[in-house]
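Enquirer: These protein sequences, in sequence, are chains A and B.
Going by this note's numbering, the first sequence opens with residue 1, and the numbers climb by one from there.
Going by this note's numbering, the second sequence opens with residue 1, and the numbers climb by one from there.
Among the clues, some could well be false.
[To be verified] The list that follows gives simulated cross-link-like pairs (lysine to aspartate or glutamate, EDC-like), each with its CA atoms no further than 20 Å apart:
1) Lys240(B) / Glu123(A)
2) Lys213(B) / Glu123(A)
3) Lys163(A) / Glu63(B)
In case anyone wonders, no lab produced these hints; they're calculated from the structure.
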Amino acid sequence: MESKESKKMVFVTVGTTSFDALVRAVDSPQVRDELSSKGYTHLLIQMGRGSYFPSKFSGEDGSLAVDYFTFSPSIADHLKSASLIISHAGSGSIFETLRLGKPLIVVVNEDLMDNHQSELAEELADRKHLFCANPQTLHQIISNMNLDSLVPYPPGDSVPVAKLINRFFGFPDD
Amino acid sequence: MSSLRRAFKSLDPDLVFNDMEEYLEAGFFKLTPFFIAITISLLAIRLTYVFLRSSKPFVDPPERVSTMIVLGSGGHTAEMLSIVNVLNKERFSPRFYVAATTDNMSLQKAQVLEQSLHGLRNNLILQGSSEAAQFLQIYRSREVGQSYITSIGTSLIAMMHALWLTLKIRPQVIICNGPGTCIPLCVAAFMFKIAGLRWSSIFYIESIARVRKLSLSGLLLYKLRLTDQFVVQWPQLQRKYPRSQYVGRIM
Chain A
1 MESKESKKMV FVTVGTTSFD ALVRAVDSPQ VRDELSSKGY THLLIQMGRG
51 SYFPSKFSGE DGSLAVDYFT FSPSIADHLK SASLIISHAG SGSIFETLRL
101 GKPLIVVVNE DLMDNHQSEL AEELADRKHL FCANPQTLHQ IISNMNLDSL
151 VPYPPGDSVP VAKLINRFFG FPDD
Chain B
1 MSSLRRAFKS LDPDLVFNDM EEYLEAGFFK LTPFFIAITI SLLAIRLTYV
51 FLRSSKPFVD PPERVSTMIV LGSGGHTAEM LSIVNVLNKE RFSPRFYVAA
101 TTDNMSLQKA QVLEQSLHGL RNNLILQGSS EAAQFLQIYR SREVGQSYIT
151 SIGTSLIAMM HALWLTLKIR PQVIICNGPG TCIPLCVAAF MFKIAGLRWS
201 SIFYIESIAR VRKLSLSGLL LYKLRLTDQF VVQWPQLQRK YPRSQYVGRI
251 M
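Looking at chain A on its own, in the form it has when it is part of the complex:
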């Protein structure tokens, strides 16, 4: 049994659909070695409806321990216990991770027809809130990333929108 202090988990999430290219990428020796050399001890993959199953490793020999599952009712606990999150580009998991203040690498799915998702990831990467990669560049991004360069994400606020709607009807602001 490893002590909690030494456990550094990387959590990978593909969301509600499938993203085999991402699962394949994190399962590659290149990425696993890169994560290992950065001091991460565990890799947990939420693989969704994908058909590519990564190989499991117990990590007893000191290498990166790898485990996976398909779906979970709530990924919040996994996000909380992870030290690094590698996620698909869906806005839901991006903002859930940023709100927790966890380091995040967003991997854009280039196979999607309507690839507007990269817009958000690129904009947030420009603002240094996260790192943006694609399945091919993931190992380079991990090798070059400097977590200290990340800027905390200031949470948004829906009150101004509510005020705009209130003003339209002449309702006083609460």
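Go by the hints and put chain B onto chain A.
Expert: Positioned in the frame of chain A, the structure of chain B alone reads:
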């Protein structure tokens, strides 16, 4: 009778009528273009009025407004519920949540939000509290991966369903943020607006995922000017679409 026929003939030499009935029929058909012209002009006047009055704030604040909230998949629903969360629940009531029939998660999340509201003020006697929120499902125009040919049929069904739902609810406010299901609902509401059956104010809040370009739903509603207020979450998007408004990010 023959003198009358002569009189008609003098009015229009091309026409000879055998009896009164035939004359009236012919007259009716001759008048048809006139009626069409009148109808089109009236419709044009009405449309101009609707377009001009839309996006104008209310002068007399209503006491409360029935509100239709259109939910979508994952990210859309999270953004929409964060807006609903900060709306005044007494003024924006009753609330009708609408989601696609294939989307089970969104209405569940809305139910959780509504239940938490009840928990907050279970000491208060809410007038018709069971009616405060309703949850409805609507057929989708097109599922992901569906062929374009079959989607013509399903779009028609979706439109009929949207008309029926909007007629049943007759919302004073529609708040939506981009799932495809909001298009038939907004179009239906706008048709009832023109018909004078119900004045619905339509608010569109483009998803935060749209940084450089509007979504297809957003673009349609913007170009057709169906919305009263159009909100975007990035300043660069606001500059590109000057009739939109930017009040910061909601996520």
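Enquirer: For each hint, tell me whether it holds in the structure or not.
Expert: Hints versus structure:
| no. | hint | verdict |
| --- | --- | --- |
| 1 | Lys240(B) / Glu123(A) | holds, 16 Å |
| 2 | Lys213(B) / Glu123(A) | holds, 12 Å |
| 3 | Lys163(A) / Glu63(B) | holds, 16 Å |
Comparing the model with each numbered hint stated earlier shows that all of them hold.
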